[in-house]
Each structure stands twice: as structure tokens, then as C-alpha cells.
Amino acid sequence: MTEVLDYVSDPWTLEFMRRGLIAAVMVSAVAAVIGCFVILKGMAFIGDALPHASFGGVAAAFVLGANLYLGGAIAAVLTALLIGFVSRRALLKYDTAIGILFVGAFAAGILIISRRTNYTPDLFSFVFGNVLGVSWSDVWTTAVVAAVILVLVVLFYKELLFVTYDPSMAAAAGLPVAAVQYGLLALIGVTTVIGLQTVGIVLVVALIVTPAATAQLLTRRLPAMMAAGAAVGVLSSLAGLYVAYYADVSASAAIVLTATAFFFLAFLFAPGRGLLWQRGFSPAGRV
Amino acid sequence: MAEQSGPALALEADDIWAGYNGRTALEGVAFNIETGCLAGLVGPNGSGKSTLLRLILGLHKPWRGRIRIFGSGARPDRLRLGYTPQTEQVDWSFPVTVLDVVLMGRYGRLGPLRRPTATDRDIARQALESVRMADLADRRIGELSGGQQRRALVARALAQEADLLLLDEPLSGLDATAQHDLINLFEGLRHQGKTLLVATHDLSCVAADFDHAILLNRKVVAFGRPADVFTEELLNATFQRHLLLVRLEDRTYVGHD
Ligand SMILES: Nc1ncnc2c1ncn2[C@@H]1O[C@H](COP(=O)(O)OP(=O)(O)OP(=O)(O)O)[C@@H](O)[C@H]1O
Ligand SMILES: [Mg+2]
Chain A
1 MTEVLDYVSD
11 PWTLEFMRRG
21 LIAAVMVSAV
31 AAVIGCFVIL
41 KGMAFIGDAL
51 PHASFGGVAA
61 AFVLGANLYL
71 GGAIAAVLTA
81 LLIGFVSRRA
91 LLKYDTAIGI
101 LFVGAFAAGI
111 LIISRRTNYT
121 PDLFSFVFGN
131 VLGVSWSDVW
141 TTAVVAAVIL
151 VLVVLFYKEL
161 LFVTYDPSMA
171 AAAGLPVAAV
181 QYGLLALIGV
191 TTVIGLQTVG
201 IVLVVALIVT
211 PAATAQLLTR
221 RLPAMMAAGA
231 AVGVLSSLAG
241 LYVAYYADVS
251 ASAAIVLTAT
261 AFFFLAFLFA
271 PGRGLLWQRG
281 FSPAGRV
Chain B
1 MAEQSGPALA
11 LEADDIWAGY
21 NGRTALEGVA
31 FNIETGCLAG
41 LVGPNGSGKS
51 TLLRLILGLH
61 KPWRGRIRIF
71 GSGARPDRLR
81 LGYTPQTEQV
91 DWSFPVTVLD
101 VVLMGRYGRL
111 GPLRRPTATD
121 RDIARQALES
131 VRMADLADRR
141 IGELSGGQQR
151 RALVARALAQ
161 EADLLLLDEP
171 LSGLDATAQH
181 DLINLFEGLR
191 HQGKTLLVAT
201 HDLSCVAADF
211 DHAILLNRKV
221 VAFGRPADVF
231 TEELLNATFQ
241 RHLLLVRLED
251 RTYVGHD
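Protein sequences appear in the order of chains A and B. If you read the first sequence in our numbering, its first letter stands for residue 1, the second for the next number, and so on. If you read the second sequence in our numbering, its first letter stands for residue 1, the second for the next number, and so on.
Just so you know, these hints were derived from the structure itself, not from any lab. Careful, some of the hints might be misleading.
Covered, in the sense of this in silico footprint (three residues per stretch, anywhere, with C-beta under 8 angstroms from a C-beta of chain A), are these stretches of chain B [to be verified]:
#1 13-20
#2 57-63
#3 95-104
#4 183-191
Once the Cα atoms are required to be at most 30 angstroms apart in a straight line, the calculated DSBU-like pairs of lysine-lysine come out as [said to hold, decoys possible]:
#5 93(A) <-> 41(A)
#6 219(B) <-> 158(A)
#7 61(B) <-> 41(A)
#8 61(B) <-> 93(A)
#9 219(B) <-> 61(B)
#10 93(A) <-> 158(A)
Glycine is no exception: its CB is placed at the ideal position from the N, C-alpha and C atoms.
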């Protein structure tokens with residue numbers, strides 16, 4: 001019995017594991033909440049684009065000796081707003097605008113870095129994430145940003161719901177649709193930046209999309225979807241860190257793969273909507 | 001409060017030109033509608049019905065011309081205008097219940113940071129009741145039939161408690177009873193002094209139950225009482241094909257050959 005308990009508690013005797021867990025839990029919960037809006041609007045691609053775009057800012061900040069996260073956040077939010085602007089004007093289709101802008105910003109990052117020969121591991125941690133390397137000050141920054149995002153979502157829930165669900169009705173009812181849409185894009189941008197630390201540029205899209213998509217299969221209303229998404233994200237972080245600790249594999253990959261596993265479980269077994277449910281149990285399936 | 005003396009106008013459109021990407025959709029549209037009347041907006045597909053409704057709402061800007069609402073050229077209080085979009089424009093896969101959607105009709109009144117109160121919920125439930133959808137309040141919006149979806153959208157506009165209701169094809173795809181119920185509802189609203197402008201393809205229904213009709217095909221071909229404007233000549237000019245008018249006693253039926 002105590003042996004089992006040891007297995008459970010062993011990882012958390014290490015301070016860097018505790019820090020990593022706290023950071024991962026906060027990031028994955030917020031990413032899932034924001035992710036609900038992202039997938040409901042069919043914008044999953046943006047969850048991939050903004051982290052890449054933020055690399056431009058990170059690289060610029062690196063060269064200038066400024067705060068890397070601040071640089072990344074500025075680049076991500078600017079790209080998000082620009083994507084919103086271009087697609088609101090219907091100048092280009094949404095995903096075309098995203099494709100052009102994010103690759104541009106990412107390339108700018110590579111360009112800036114290529115002027116300097118000494119790539120530091122610091123920058124690599126942005127690409128692949130380094131959840132076990134976060135400092136307490138990183139944890140605090142993440143906590144403050146995550147809290148601000150969640151408070152904004154709660155305060156403006158009504159507006160976010162109406163504008164994402166039916167923008168033209170919302171406009172007709174006098175809601176500030178453009179402001180809400182830009183605000184949401186900015187929140188997505190900031191969310192991706194705090195996700196960089198945990199899972200890195202390449203994988204952050206998974207924290208935004210996968211838990212929210214899992215929750216969509218399990219719930220019927222948006223508040224429940226957000227809560228379930230956050231729960232899936234938190235569980236994935238926890239389970240992923242155990243896997244990373246005992247199997248000695250990359251923590252960010254383990255977190256993302258755990259979330260993917262949860263998604264497939266829901267995809268197969270979700271009551272009423274899962275694949276097996278539809279095949280095996282529904283009256284239509286018994287033809 | 002319902003009866004207003006004199007022909008107070010709910011809506012006056014004067015020489016409205018509008019379109020999309022440089023292509024005209026409306027050419028010099030002009031008409032007016034009295035307060036407290038049930039008006040039908042009819043015309044073929046692409047004739048500009050939805051565009052006209054969106055112009056009145058301020059969702060789309062005219063190139064030229066003026067729209068006066070309740071006698072004022074300034075944008076009226078948003079709360080006085082209710083709207084149901086054509087169902088094709090609505091996202092039905094969203095995780096919201098029917099009641100959630102109807103409650104959105106109240107959001108414009110709430111202002112920022114305020115949540116719907118128990119009163120708002122009551123009003124939303126009453127609106128659902130009046131389209132006979134109270135029992136479906138907790139259904140996911142995507143789990144409704146086409147006709148039920150339309151009625152849910154009408155309920156949302158009702159929950160807004162607007163004075164001028166702009167309804168884009170609320171009657172399409174409804175079964176005969178539901179259509180009859182909705183027309184009764186419209187008449188009840190008109191008796192409360194509300195003004196309704198309803199885009200529809202159901203000409204017989206307009207002929208039988210509406211007190212005003214606008215025939216639209218990029219231009220206003222005619223407007224006035226259905227009995228006056230539903231002539232073969234005007235209808236053929238609107239739809240640019242031959243329509244059959246059958247008058248039986250005091251009812252008019254429109255079909256095609
Ligand atoms: N978003 C848009 N972008 C470009 N053109 C548009 C757009 N919406 C409508 N149009 C064009 O404007 C014209 C009027 O369209 P509108 O939707 O107002 O017609 P409608 O009378 O509502 O038709 P329906 O009976 O099919 O609903 C059409 O020629 C249409 O092609
Ligand atoms: Mg239309």
C-alpha cells in the first residue's frame with residue numbers, strides 16, 4: 001500500500017516537478033476554455049498559427065535582450081488582430097490570411113536568429129517546450145496571466161457567447177461585435193504564449209484544440225464544455241507528467257499524447273455521440 | 001396604447017441603393033409602412049429581401065438613400081428592432097439549448113457585465129410558449145427540426161420585446177398548423193401595436209392574412225394592400241414569370257402553371 005502511495009507521490013518530492021505541474025495545470029485549463037471558442041468557430045488553425053507567429057517576437061526580443069515572453073505575446077496578439085482585420089474586411093479567406101501571416105512572422109523569427117550564430121537552448125525550449133525547466137517567476141507570471149484570461153471570460157461570457165454564436169444578431173442587438181471578436185483573438189494570442197513554456201510552439205495547438213474537442217463530445221452546453229475541457233486538460237497534464245517521470249520521456253509530448261488518448265476515448269465511448277455508441281447501441285445501428 | 005391615431009409611419013425608405021462588392025442588389029427602393037401593420041416582403045430568390053432587412057437593421061450600409069424608423073432618421077434605439085435571420089445563416093452545431101438562444105434576445109437590454117435575471121428567463125419562456133416550443137426549451141438547438149428551428153428564432157425576436165420585428169422567412173418549412181399558429185401570433189402582436197415586416201415566399205398567406213405587401217425585385221415593383229397589389233400584371237413583373245392568381249370568394253391563391 002505504501003509502495004503504491006510512494007509511486008503516486010514520488011514525482012512531487014522534486015521541486016521542478018511541482019513547478020512543472022502547477023504551470024501545466026494552469027496553462028492547460030485556460031487553453032481548454034479558450035479552445036472551446038476556437039473550435040466552435042472552426043479556427044483550430046489559428047491555434048497553430050499564433051504560437052508560430054510568436055516565435056518572430058521571441059526571436060526579436062532575444063536579439064534585443066528584452067523579455068522573451070513579452071516579445072512573443074506582442075507578436076502573437078498583433079498577428080491575431082491582423083488576422084481578424086484581414087478576414088473582417090473579407091479581403092481574404094480566414095485560413096488564407098492565417099497561413100500567410102503566421103509563416104511570415106515565423107520566417108521573420110528564423111531570419112533574426114540566423115544573424116546570430118549562438119542558438120541557445122533557451123530558444124529551443126520555446127520550440128519544444130520545457131515544462132520541467134520553468135522557474136517560480138515563470139509560474140507566477142503564468143498564474144497572473146491565466147487568472148486575467150479566466151476573469152475576462154467569466155465577465156464577458158454573455159458577449160463572447162452571443163458574438164461567437166451569431167455575430168449578425170449580436171450586432172443587431174447593439175453588442176460591440178468587432179471589439180468582442182478582436183478581444184477574443186487577443187486572448188487566444190496570449191493563451192498560446194503562456195502555452196509555449198509548457199509544450200512549445202509545435203505542440204501548443206494540442207492544448208487548445210484537443211481537450212476542448214474532447215469536451216464537445218461529452219457535453220451539451222457551452223459552460224459544461226468549458227468545465228469539462230479544463231478538466232481534461234488538467235488530467236492530461238497530471239497523467240502526462242507521471243508518464244514523463246516514470247518513462248523518462250519528454251514531458252510536453254507526454255502531456256499532449258495523454259490529451260490525444262482522452263480524445264480517442266471520448267470519440268469511441270462518448271454517450272450518444274461516440275463511434276461505438278452509434279454503431280453498437282443505437283437503434284439505427286442494429287439494422 | 002395600442003391604437004395610435006393617424007398614419008404614424010414605422011418605416012420609410014427613400015431611394016435606397018445598396019449592394020455587395022460594387023454589384024447592385026437594390027436600386028432606388030422606396031416604400032413606407034404604417035405603425036401596427038403586418039407587412040409582407042415578397043420577391044424571387046436574390047431579389048434583395050434579406051439585404052433590405054439587413055439595411056433596416058443597420059447591419060449593412062446603403063450606398064445612397066435614407067431609411068427613417070419611427071419617424072426618425074437617426075439610428076433608433078436597437079432595442080426597438082427585432083430580427084430573425086434566415087435559418088441558413090445560423091450555426092446549428094453550437095452547444096447551446098433552445099432557451100439559451102431565446103435568452104440571447106434579452107442580451108441587448110442587459111448591457112455589459114450584466115447577466116440575465118429570473119425576469120429575463122420568464123420572458124424567454126413565455127416567448128417559447130407563444131411559439132408552442134416550451135417543452136423543447138432544454139433541447140440542443142441543433143436537435144430541432146427545421147420548422148422548430150424557425151420558431152425558436154421567432155421566439156428570440158419576441159423575447160427582445162421590440163416594436164418593429166423584421167423576420168426573414170419565418171414561415172418557410174413550417175407545417176400547416178405551425179404556419180397557422182405563427183400567423184395568429186403575428187396578428188396578436190399587431191394588435192399590441194407592434195409592426196412586422198416579414199420576408200416570405202408564401203404569397204397566398206400574404207394575400208389572406210397580411211395588411212400590407214411590398215413586391216420587390218431589386219426595385220419596389222409595388223406596395224400597398226395585398227388586394228390592390230396582387231394583380232397578375234404586378235406579380236408577373238415581380239417574379240418575371242407567369243403566375244396564376246385564383247380568387248375564391250374573398251381569398252386569393254397564387255400558384256404557377
Ligand atoms: N454576402 C453577400 N455577398 C455578396 N453578394 C450578396 C451577399 N448576400 C446577397 N448577395 C447578393 O445580393 C442579391 C440580393 O440577395 P438577398 O439575399 O438580399 O436576396 P433574397 O431576396 O433574400 O433571396 P432569397 O429569397 O433567396 O432569400 C443577390 O443577387 C445576392 O447574390
Ligand atoms: Mg433572403
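### Query
When you check the alpha-carbon spacing of residue 61(B) and residue 93(A), does it fall within 30 angstroms?
22 angstroms, holds
### Query
For the segment 57-63 of chain B, do three or more residues have a beta carbon lying closer than 8 angstroms to a beta carbon of chain A?
Holds: 3 residues of the segment 57-63 of chain B have a Cβ under 8 angstroms from chain A.
### Query
Do the alpha carbons of residue 61(B) and residue 41(A) lie within 30 angstroms of each other, as the hint requires?
25 angstroms, holds
### Message
For a C-alpha distance cap of 30 angstroms, please report whether residue 93(A) and residue 158(A) respect it.
### Response
27 angstroms, holds
### Message
Please check whether the segment 183-191 of chain B has three or more residues whose CB lies within less than 8 angstroms of a CB on chain A.
### Response
Violated, because only 0 residues of the segment 183-191 of chain B bring their Cβ atoms closer than 8 angstroms to Cβ atoms of chain A.
### Query
Does the alpha-carbon distance linking residue 219(B) and residue 61(B) stay inside the 30 angstroms limit?
Answer holds: residue 219(B) to residue 61(B) is near 17 angstroms, not above 30 angstroms.
#### Entry: Restraint check for residue 219(B) with residue 158(A), where alpha carbons must lie at most 30 angstroms apart
39 angstroms, violated
### Task
Assess, step by step, whether the Cα of residue 93(A) is no farther than 30 angstroms from the Cα of residue 41(A), and give holds or violated.
14 angstroms, holds
### Query
Are there at least three residues in the segment 95-104 of chain B whose beta carbon sits under 8 angstroms from a beta carbon of chain A?
holds (count 6)
### Query
Counting residues of the segment 13-20 of chain B with a beta carbon closer than 8 angstroms to any beta carbon of chain A, are there 3 or more?
Result for this restraint: violated, n = 0.
Against the hints set out earlier in the document, violations occur for numbers 1, 4 and 6.
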